[in-house]
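Protein chains in written order, with our numbering: chain W, 1 to 206; chain R, 1 to 206; chain L, 1 to 206; chain B, 1 to 206.
Simulated from the structure, these hints should not be mistaken for lab results.
Take the hints with a grain of salt, since some may be wrong.
Which copy? The list can't say, so a pair holds if one copy fits it or any two copies do.
As the list claims (entries may be wrong) - Calculated pairs, BS3-like style, for lysine-lysine (alpha carbon to alpha carbon, straight line, at most 30 Å): (1) K138 / K110; (2) K108 / K198; (3) K110 / K37; (4) K200 / K37; (5) K161 / K38; (6) K171 / K200; (7) K50 / K110; (8) K108 / K171; (9) K37 / K197.
Protein chains: 4
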Amino acid sequence: MNSEIEELNHIMIKYIAALKVLETQIEIINDDFQYIKKYNPIEHIKTRIKSADSILAKLERQGREFTIDNVINHVNDIVGIRIICSFKQDIYDLIDLLRDSNMIKVIKEKDYISNPKESGYRSYHLIVEVPVELINEKTYVKAEIQLRTLAMDLWASLDHKITYKNDDVNKEISNRIVQFSNEMMDIDDRMSELIEKKKKLEEGDK
Amino acid sequence: MNSEIEELNHIMIKYIAALKVLETQIEIINDDFQYIKKYNPIEHIKTRIKSADSILAKLERQGREFTIDNVINHVNDIVGIRIICSFKQDIYDLIDLLRDSNMIKVIKEKDYISNPKESGYRSYHLIVEVPVELINEKTYVKAEIQLRTLAMDLWASLDHKITYKNDDVNKEISNRIVQFSNEMMDIDDRMSELIEKKKKLEEGDK
Amino acid sequence: MNSEIEELNHIMIKYIAALKVLETQIEIINDDFQYIKKYNPIEHIKTRIKSADSILAKLERQGREFTIDNVINHVNDIVGIRIICSFKQDIYDLIDLLRDSNMIKVIKEKDYISNPKESGYRSYHLIVEVPVELINEKTYVKAEIQLRTLAMDLWASLDHKITYKNDDVNKEISNRIVQFSNEMMDIDDRMSELIEKKKKLEEGDK
Amino acid sequence: MNSEIEELNHIMIKYIAALKVLETQIEIINDDFQYIKKYNPIEHIKTRIKSADSILAKLERQGREFTIDNVINHVNDIVGIRIICSFKQDIYDLIDLLRDSNMIKVIKEKDYISNPKESGYRSYHLIVEVPVELINEKTYVKAEIQLRTLAMDLWASLDHKITYKNDDVNKEISNRIVQFSNEMMDIDDRMSELIEKKKKLEEGDK
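Isolated chain W (complex conformation) (with noise of 0.2 Å):
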C-alpha cells in the first residue's frame, strides 16, 4: 500500500493544479458577471483537498480496494471549491453559467437543494471536469462544485458543530436540525421572492 500512498501523492500534483485552474476560472466568471450585471452573485468561495485518509475510507465505505485506478474512476471529490451565494437564485444563475461553459464540463448534477438528505443537509453538487496542463501531460481531471446560500451554510456550520465527536446524538436533537433546516428553506424562498420582486420594483421604476 505505501506505493500506492507514494503514486497518490504523484497524482495529487493534477488534482492541486486542476483546483487551481477551477478556481481561477470561477474568479472570472465572477469578475464577468459583476461587470456586466452591476451585481455580485458570490458571497465567498472555499477551497478543500482530501486527505490521503478520507479518500482511503471512501473508497473502503464503496467496497473498493485502494488502487489508483479507483482513486481516479470513483472518488470525484478529491478537490472541490464551495460556492457561498446571498440567495437561491444566483445558485441557479451560476449553474447556467457553469452548463455554458467550454473549458469547465460538467459531467454530473445532484440536486440536494430540492431533495435535501435526511440530515437536512441541502446543497447543489457538481462533477466537473477541467483542462490541465503539466510539464510533460495534457489532461482533464475531475473536481467538485458545491453551491449554496448563506442560509444553507449556516446550517451546515450549525450542524457541524452540533454533531462534531457526538456519534450518538440523540434523536430530539437530530430532529430539531432537520427542523431548522426546513425553516431555513423556508426563509430563502421568501427571501429570493422578495429580491427578485425588488428587481422588478428596479426596472419598472426605469
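Chain W is fixed; fit chains R, L and B onto it per the hints.
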C-alpha cells in the same frame, strides 16, 4: 479644507496601526480560546477603514465642522472590526473576554441585539481604545468592534442588497425585511439553546 | 477621451482575467517542476497591472493616439508577471518550458540578459498570449513575462531607488550603476557555474 | 517525553502570539517610517516558527535535556522574523528604531555583518522580548529578529541551495562561497555609499 484632508492622511497612520493591533489581539484571544476550550467562537473576521468621504458625511449628519479635533473626538468608528460568530452565546463570551482585557479598553457599548434598530439591524457594538506605539509617539486610538451571529450577518447581507440603490424602497418590502430579522433572531435563540443543551449532554457523558 | 477610458475599463476585465490564468499556469509549472526535479526554480513571483496613465504615456511615446485598437495592438505589457529565479540557468530552463507550453503562446522574446540596456538593466522579456474564457466571449490576450535572477532584481531595486525623483542624476552615479550591473552579471555567471558543478558532483556520487 | 511535547504545544500558543505582535509592530514602524521619510526601508518580511524537532536538536547540540524550562531559557529563536532591506544603512536605521521602542525590548545583539560566520553568513541578529496578553496571562516572550540586505539574502539563498543535501561539499566549493560573500559585502558597501551620496546631492538641490 485641503489642509484638513492632508492632516487626515497623517492621523490615518495611527488608525491603521490601531486596526492592526486590534486584529492581532483578537486573533490571539481566538487562538487561546480554541486551545483552552477546544471550540472556536469566531467564524470569520472582517476589517474596515472609513473613507474620507464617509468621515465627512458623518460629521455633517452630526452638524459638526470638518476639523481634525472633531474627527478624533466625534467619529469613533474610523476603523473597525466585524466578528462573525456561530451562536449568540459566543458573542457574549467574547464580550466578557474583551471587557477583561487590559490591552483593549472598552469605553462604550451598544446592544443592538436586545434592542434592534427599526430597520431590523442586530449586532453588538463596542467602542474600544487600543495602545499604539509609533516611531515618535505612544498613544491610544479608538476603534469599533461589531459582533454578530451568522444569522444576523445573513440578514445584514440581504438588507444591504435589497436597499442598495433604492432609496424609496416601498413600505411592504421594508416590513418584510424587519420580519426576516425577527425570524432570524428566533432561530438564533433556538440554535443557541440547542448547542447549550448539547454541551450539557456531552458533560453528562463524562 | 472619456468614452475611451470607459471602454478601457471594459477591456481590463479581459486583461485581469489573462493575468490570473497566466499566474495559475506558472504556479502549476513550478509545482510540477519541483515534483519532477526536486528543485524549485522560482524564488518568487510578482504580478503587475499598468495604470490608465501609464498606458496613455506609452502610446504618447510611440506617437500614437489613445484609441482602444492602439491599446490592444501596441501596448503588449498591460498586465505582466515578474519571475525571480536564483540562478541564470533557472531562467533558461523556464523559458524552454514556456516555449513548449500549448497554453501559453510565446509571440515575442527580448533578451536583455545577453544584451543589457544602456542603463545596465538586465532581464529576459517574453510577450505571450493566453486563452481567456469570459461569460460571452472566448479570446486570446497578451501579457508580458519578465524573468530575472535575484542579482538582476537586486540591481533593479537599487536602480529604482537611486534614479527615483532625480531626473538629472549626475554622470558619475549612472556610470557606477552600470558598473554594478556588470559586477552582478559576473557574480551570476560564476554562481551558475558553481551550482552546475555541484549538480555534477552529486550525480557522480550516485 | 510525550508530556513535554504536549506542554510544548501549550507554550507554542504564546510564541505564535508573540510572533504576531512582533510582525504587527514592525509593520507599524515601517508604515510610519515611510510616511515620515518618504522612503521604505524594508523590502520584505518573512516569519518563521521552529519545529519541535529543531528545538530538540538545538537543545541536544547545547548538551541540555528536553525540558520546558530549558526550551524557554535556552532556545531564544523559537519564533523569528527576517527583515530584508535594500541597503546596509537601512538595517542600522531600523536597529536604532528597535532599540528606542518601548514595546520591543532588545535583550541581545549579534553583529554577523561586521563579524561574518566562517561560512560567509552575514546578518544582524537581535533577541527581543515582546508583551503578550493571553486570556488568563500577561507575559513577555522572546523572539529573534534577523536583519539583512538583499545582497546578504541572495548569498544565503545560494548557500542554502548549494549545501542542501550535500554534507561533504568539497573544500573548493565552500571556499568560493565565502569569496562570494566577501564580494557581496563589497558591493553592499559601495551601494550604501552611492545611495548616501545621492541623498546628499538631492539635499543640495533644495
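Now the hints, each set against the structure:
| no. | hint | verdict |
| --- | --- | --- |
| 1 | K138 / K110 | both (28 Å within a copy, 28 Å between copies) |
| 2 | K108 / K198 | neither (33 Å within a copy, 37 Å between copies) |
| 3 | K110 / K37 | within (27 Å within a copy, 37 Å between copies) |
| 4 | K200 / K37 | within (14 Å within a copy, 49 Å between copies) |
| 5 | K161 / K38 | between (36 Å within a copy, 12 Å between copies) |
| 6 | K171 / K200 | between (44 Å within a copy, 16 Å between copies) |
| 7 | K50 / K110 | within (19 Å within a copy, 43 Å between copies) |
| 8 | K108 / K171 | neither (33 Å within a copy, 44 Å between copies) |
| 9 | K37 / K197 | within (17 Å within a copy, 45 Å between copies) |
Going through the hint list in order, the structure does not satisfy hints 2, 8.
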